[in-house]
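Using the sequences and the hints, build the whole thing.
2 protein chains.
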Amino acid sequence: MKALIYDGEQQLGYREVASAEARENEVLIRVEAVGICGSDMHAYLGHDNRRPAPLILGHEAAGTIVGGAQDGRRVTVNPLVTCQTCPACESGRQNLCKTRQIISMPPREGAFAQYLTMPDRNLVTVPDGVSIAKAALTEPLAVSWHAARLVLNALHPQSEHRALVIGGGAIGLAAALALKAMDFEDVTIIEPNPARRAFLVDTCQQKAVADTNEGFNVVIDAVGYASTRAKASELAEPGGAIAHVGLGEDTGGIDVRRLTLQEITFIGTYTYTDQDFRDTAQAIFDGRLDELDWFETRSLAEGAEAFQDLKSGRVSAPKIILDPWA
Amino acid sequence: MKALIYDGEQQLGYREVASAEARENEVLIRVEAVGICGSDMHAYLGHDNRRPAPLILGHEAAGTIVGGAQDGRRVTVNPLVTCQTCPACESGRQNLCKTRQIISMPPREGAFAQYLTMPDRNLVTVPDGVSIAKAALTEPLAVSWHAARLVLNALHPQSEHRALVIGGGAIGLAAALALKAMDFEDVTIIEPNPARRAFLVDTCQQKAVADTNEGFNVVIDAVGYASTRAKASELAEPGGAIAHVGLGEDTGGIDVRRLTLQEITFIGTYTYTDQDFRDTAQAIFDGRLDELDWFETRSLAEGAEAFQDLKSGRVSAPKIILDPWA
Numbered sequence: 003m004k005a006l007i008y009d010g011e012q013q014l015g016y017r018e019v020a021s022a023e024a025r026e027n028e029v030l031i032r033v034e035a036v037g038i039c040g041s042d043m044h045a046y047l048g049h050d051n052r053r054p055a056p057l058i059l060g061h062e063a064a065g066t067i068v069g070g071a072q073d074g075r076r077v078t079v080n081p082l083v084t085c086q087t088c089p090a091c092e093s094g095r096q097n098l099c100k101t102r103q104i105i106s107m108p109p110r111e112g113a114f115a116q117y118l119t120m121p122d123r124n125l126v127t128v129p130d131g132v133s134i135a136k137a138a139l140t141e142p143l144a145v146s147w148h149a150a151r152l153v154l155n156a157l158h159p160q161s162e163h164r165a166l167v168i169g170g171g172a173i174g175l176a177a178a179l180a181l182k183a184m185d186f187e188d189v190t191i192i193e194p195n196p197a198r199r200a201f202l203v204d205t206c207q208q209k210a211v212a213d214t215n216e217g218f219n220v221v222i223d224a225v226g227y228a229s230t231r232a233k234a235s236e237l238a239e240p241g242g243a244i245a246h247v248g249l250g251e252d253t254g255g256i257d258v259r260r261l262t263l264q265e266i267t268f269i270g271t272y273t274y275t276d277q278d279f280r281d282t283a284q285a286i287f288d289g290r291l292d293e294l295d296w297f298e299t300r301s302l303a304e305g306a307e308a309f310q311d312l313k314s315g316r317v318s319a320p321k322i323i324l325d326p327w328a
Numbered sequence: 003m004k005a006l007i008y009d010g011e012q013q014l015g016y017r018e019v020a021s022a023e024a025r026e027n028e029v030l031i032r033v034e035a036v037g038i039c040g041s042d043m044h045a046y047l048g049h050d051n052r053r054p055a056p057l058i059l060g061h062e063a064a065g066t067i068v069g070g071a072q073d074g075r076r077v078t079v080n081p082l083v084t085c086q087t088c089p090a091c092e093s094g095r096q097n098l099c100k101t102r103q104i105i106s107m108p109p110r111e112g113a114f115a116q117y118l119t120m121p122d123r124n125l126v127t128v129p130d131g132v133s134i135a136k137a138a139l140t141e142p143l144a145v146s147w148h149a150a151r152l153v154l155n156a157l158h159p160q161s162e163h164r165a166l167v168i169g170g171g172a173i174g175l176a177a178a179l180a181l182k183a184m185d186f187e188d189v190t191i192i193e194p195n196p197a198r199r200a201f202l203v204d205t206c207q208q209k210a211v212a213d214t215n216e217g218f219n220v221v222i223d224a225v226g227y228a229s230t231r232a233k234a235s236e237l238a239e240p241g242g243a244i245a246h247v248g249l250g251e252d253t254g255g256i257d258v259r260r261l262t263l264q265e266i267t268f269i270g271t272y273t274y275t276d277q278d279f280r281d282t283a284q285a286i287f288d289g290r291l292d293e294l295d296w297f298e299t300r301s302l303a304e305g306a307e308a309f310q311d312l313k314s315g316r317v318s319a320p321k322i323i324l325d326p327w328a
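Chains as they are written, first to last, in the numbering used here: chain E, 3 to 328; chain R, 3 to 328.
Since the hints were derived computationally from the structure, they do not count as laboratory data. Only a predicted model underlies this, so the values are computations on that prediction, with no experimental measurement involved. Honestly, I wouldn't trust all of these hints.
[Unchecked claim] Covered by chain R, according to a simulated footprint, are these stretches of chain E (three or more residues, beta-carbon under 8 Å): (1) 97-103; (2) 267-276.
[Unchecked claim] Computed list of chain E residues with no C-beta within reach of chain R, every gap over 12 Å: (3) Arg17; (4) Gly48; (5) Gln116; (6) Ser133; (7) Pro196; (8) Lys209; (9) Ala238; (10) Gly250; (11) Thr253; (12) Leu263; (13) Arg280; (14) Glu298; (15) Ser301.
Every residue gets a Cβ at the ideal spot worked out from N, C-alpha and C, and that includes glycine.
Written out as structure tokens, the structure is:
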């Protein structure tokens, strides 16, 4: 099969590799759409020692089951493979499973390839009328859905409903959409890149600004740098909550003095539970996350160029989806 | 009246000052017991620019109303004076009132004095049979009660019940007592000072250790330094929660990478709500916070020496209570 291989820092090779085969108790999926995530970019830049070269990256996949009893079933893929038996899994927090695996991290290859093998329980059926490309957005949307759910759970019931999302990439935009799907209407996105900001306003009908000094009782940091955490610390209202998604930088930025004196909660969030993934897929299928027409599609063969364009800030769309069969 | 005046860095003078008088809509209290808090020590060392000299410190007070219709009523004092009308106050989060005042911070003098004036709504009646010195512990116990309540609220319902408290001073010990009063039985306290640790074990019947590398799904940082936050970040179990009380250092120590990847919640906590204060007082009166015999009493005249002894680590009891009439 064709695959896009991460060969080392800023090196991606598109070439023929041995085809994926269904492992025991798993099914083979023909990958028809796979998104590029910020964490793929992080690995591509050589900043993620959990993803050593050579490796197939990519974990935002959708496609069609090939072979066996389910041949032809269109599915979107939850890339977290968990044990289903530990206390975390049994309490519905599969994202905290100590033996969790994610495709694109050893021992599992990723989805920047024509085929992928996955346990059946990780698959959600995509209804007719929903495109496979849109279905491939389930994974990043689920990350934000989970963060939005946690931060709203942490909120005092009598709090004002005003949210700030820092960062207008896919995770930030998805966080705004998730908050709105959860009846949190007043959402502002900070996005410093003018082209991205214009895209958010014009194509996605979001309230996006270059910066703000207003206060918000809900803040989602969808970037994860010291500077964005400093911003979150500054703008969270007394008694408010910050959800932190993603990992640009490992430390720094949190104003502990302000968090303490103003009683602000800072919530680390990681991926999603199985239920979050299913709920997000259903919200997509029901149209509760808007049109989801904010991605651009390229062929997997052009993947290396897509990474270069993303790195240079030349892409205004929040998401590039690669098609391994174009 | 006699008062202990903070005159500048490490300078405390015990002398005669103009007596406090009841302000409009307030009552005059004869202060009979007032505890020394870590924040008083912080101010004494010149580290709190919110408390400029000259100033009467002290905010953990109990005593007896003098004059007026309530003459002779024994009370413990909630030192937070709030507006009662803003959204924070109306939602029961008086600790977040934007115009909150606390005695010992301008414009209000503190309680290291023979008299104090307070609004009636800040007072809780102390029943016969409860000593005024024990009643003066309500304030620090309420700080920890509030932190324990918030961190237990943040906990996933199916979580294991194991808690770590970092720091075995009054706030740390009170946090352990509050957790136990909330049916959280397995509580370990880290206290590096051997004399304090022995006191916690022998006099307070607590599980206190010099250090640990075990994991806990609830951590209360009752110290608030970068090093204790680093410890909290390290030992919090995946999916767990950290409550942060007090402010030794303003920044540093939080391992954001771990908080994010292991989905740990970090809760800034500040003082208590009016309800927390009342609930804590009732728990003291009902004996649900144990014997509370872990303070030593000195006269207010000896206050300067008490601060010196605390600073030098010569005090094994978690709390010194000063008596302005001894």
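Structure-based check of each hint:
1. 97-103: This one holds; 3 residues, not fewer than the three required, reach chain R with a Cβ under 8 Å.
2. 267-276: holds (count 6)
3. Arg17: holds, 32 Å
4. Gly48: Given a closest Cβ separation of 17 Å, the condition holds.
5. Gln116: With a cut-off of 12 Å, Gln116 of chain E remains clear of chain R, as the shortest Cβ separation is near 30 Å.
6. Ser133: holds, 32 Å
7. Pro196: holds, 29 Å
8. Lys209: Non-interface label on Lys209 of chain E holds, nearest chain R Cβ at 23 Å vs cutoff 12 Å.
9. Ala238: Given a closest Cβ separation of 10 Å, the condition is violated.
10. Gly250: violated, 10 Å
11. Thr253: violated, 6 Å
12. Leu263: With a cut-off of 12 Å, Leu263 of chain E comes too close to chain R, as the shortest Cβ separation is near 5 Å.
13. Arg280: holds, 19 Å
14. Glu298: holds, 28 Å
15. Ser301: holds, 33 Å
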